[in-house]
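**Student:** Here is how the chains run, residue by residue.
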Amino acid sequence: EAGVAQSPRYKIIEKRQSVAFWCNPISGHATLYWYQQILGQGPKLLIQFQNNGVVDDSQLPKDRFSAERLKGVDSTLKIQPAKLEDSAVYLCASSSIETQYFGPGTRLLVL
Amino acid sequence: QQPVQSPQAVILREGEDAVINCSSSKALYSVHWYRQKHGEAPVFLMILLKGGEQKGHDKISASFNEKKQQSSLYLTASQLSYSGTYFCGTGGSSGTYKYIFGTGTRLKVLA
Numbered sequence: 162e163a164g165v166a167q168s169p170r171y172k173i174i175e176k177r178q179s180v181a182f183w184c185n186p187i188s189g190h191a192t193l194y195w196y197q198q199i200l201g202q203g204p205k206l207l208i209q210f211q212n213n214g215v216v217d218d219s220q221l222p223k224d225r226f227s228a229e230r231l232k233g234v235d236s237t238l239k240i241q242p243a244k245l246e247d248s249a250v251y252l253c254a255s256s257s258i259e260t261q262y263f264g265p266g267t268r269l270l271v272l
Numbered sequence: 083q084q085p086v087q088s089p090q091a092v093i094l095r096e097g098e099d100a101v102i103n104c105s106s107s108k109a110l111y112s113v114h115w116y117r118q119k120h121g122e123a124p125v126f127l128m129i130l131l132k133g134g135e136q137k138g139h140d141k142i143s144a145s146f147n148e149k150k151q152q153s154s155l156y157l158t159a160s161q162l163s164y165s166g167t168y169f170c171g172t173g174g175s176s177g178t179y180k181y182i183f184g185t186g187t188r189l190k191v192l193a
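In order, the protein sequences belong to chains P and L.
Per our numbering: the first sequence = residues 162 to 272.
Per our numbering: the second sequence = residues 83 to 193.
Just so you know, the hints here were simulated from the structure itself, not pulled from any lab data.
If you're wondering where the values come from, they're calculated on a predicted model, not measured in any experiment.
All C-beta atoms in this analysis are idealised placements derived from N, C-alpha and C, irrespective of residue type, glycine included.
Just to be clear, a hint being listed does not mean it is correct.
[Claimed, not checked] Only pairs whose alpha carbons sit at most 30 Å apart, straight line, appear in this in silico DSS-like list of lysine-lysine:
1) L:Lys119 to P:Lys205
2) P:Lys239 to L:Lys149
3) L:Lys149 to P:Lys205
4) L:Lys108 to P:Lys205
5) L:Lys108 to P:Lys223
6) P:Lys223 to P:Lys176
7) P:Lys232 to P:Lys205
8) L:Lys149 to P:Lys172
9) P:Lys172 to L:Lys108
10) L:Lys132 to L:Lys108
11) P:Lys205 to P:Lys176
[Said to hold, decoys possible] If you want the footprint, here are the derived chain L segments under chain P, 3+ residues with CB under 8 Å:
12) 122-132
13) 183-191
[As the list claims (entries may be wrong)] Far from chain L, by Cβ distances over 12 Å, these chain P residues were calculated:
14) Trp183
15) Lys223
16) Asp247
17) Ser248
Please construct the entire structure, taking both the sequences and the accompanying hints into account.
**Tutor:** This is the structure in structure tokens:
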């Protein structure tokens with residue numbers, strides 16, 4: 162069974178630029194999560210999708226972050242414009258019932 | 083509110099046992115445990131649902147006391163491969179699944 166795929170794996174941008182991350186969940190998984198993990202901390206949930214509907218986006222900074230999940234499969238997370246404090250690893254996870262399976266993450270550095 | 087884990091860090095010798103605790107201020111429906119190695123994504127270890135059951139595989143087990151809103155992870159006869167950061171993840175009642183990771187416990191096993 163293929164795992165959760167994410168791209169790119171690494172991204173370096175300057176502040177105020179835009180960036181987008183892509184996630185392809187495990188086939189058949191209805192629930193998709195985006196997390197932000199700052200160095201030394203646990204993952205923080207940004208947004209949770211159930212199929213292509215949003216279940217929880219209470220911790221998503223909506224003035225600069227946006228996410229979509231078209232057709233209930235792939236998802237993209239966008240940051241526009243980026244700030245220095247957005248430097249982190251962005252993890253995508255998917256689940257069918259309870260267990261979450263994580264992708265390798267995208268490491269973002271904002272200069 | 084983020085679940086609090088204790089201890090924050092622990093160093094063991096191979097073969098020693100360890101207990102990691104996770105405590106929430108909110109009522110819990112389920113508790114998940116993950117291990118994350120440096121530079122890698124979190125890997126699912128086990129899930130415990132309401133009912134106070136204890137689960138385990140190999141030499142890693144966990145318990146869940148929903149009345150106390152606590153869970154404990156037990157590592158028996160630790161191996162070098164157990165090194166990493168352990169996170170508990172907690173969710174509310176099914177259907178309103180606001181998922182939150184705990185503060186993390188760094189575990190180092192020495193030869």
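**Student:** What hint numbers does the structure not satisfy?
**Tutor:** Of the numbered hints, 2, 8 and 9 do not hold.
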